[in-house]
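Go ahead and model the full structure; you've got the sequences and the hints to work with.
Sequences listed follow chains A and B, in order.
The opening residue of the first sequence carries number 1 in this note's numbering; numbering runs sequentially from there.
The opening residue of the second sequence carries number 1001 in this note's numbering; numbering runs sequentially from there.
I should point out that these hints are in silico values taken from the structure, not numbers from a laboratory.
A virtual CB, placed ideally from N, CA and C, is assigned to each residue, including glycine.
Hints are all accurate, no fakes.
Interface residues of chain B toward chain A, partial, derived using beta-carbon atoms under 10 Å: (1) I1004; (2) T1030; (3) T1105.
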Amino acid sequence: DAKTTQPPSMDCAEGRAANLPCNHSTISGNEYVYWYRQIHSQGPQYIIHGLKNNETNEMASLIITEDRKSSTLILPHATLRDTAVYYCIVRGRNKLVFGAGTILRVKS
Amino acid sequence: SAVISQKPSRDICQRGTSLTIQCQVDSQVTMMFWYRQQPGQSLTLIATANQGSEATYESGFVIDKFPISRPNLTFSTLTVSNMSPEDSSIYLCSVGGLGANYGYTFGSGTRLTVV
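And the structure:
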């Protein structure tokens, strides 16, 4: 599975969009990009995933560059409850391998 | 998505003893996994629990220390054997389907403290 690189931490003002970047320059053609988040003391929560097209659901949007070497998770209107560790994972085989993730702090 | 019940939610154990953690899913699932999350760290995959056969362990994890059972498509157990304080972690069960286009669901975890 391809390795991902994320900034260790980010801050975002409440009500603003949070844009979390992820670099996955070694991704191969059949590998999906997954995003999970983990709020303190809870199990990871699935957010969204995609292969090459941009994806949107009720939680977030996922923007994948045309060369698929990077992606951005967008939380359109961040709230204090979105404070969590966000993990970007490239999955090719049938398992998820977690990196260090990005600590997102949403501040009022 | 599947609903996972993981038991116990937390425990405090004496060193040298063993603890068995249960993962029960409300529907049949193809893939089941066990993770460890040490304090302040990310999740590390321990093994894939295979139904009807031996689990597949990741590098650094061995069956003698972390025996895993998976008797059917809805249930698995992880045992942490001969515990030491270094085993103090959150242990999480995860389930999902085959293929890279399926998301995985995680249980709420078992918080283990070894004293």
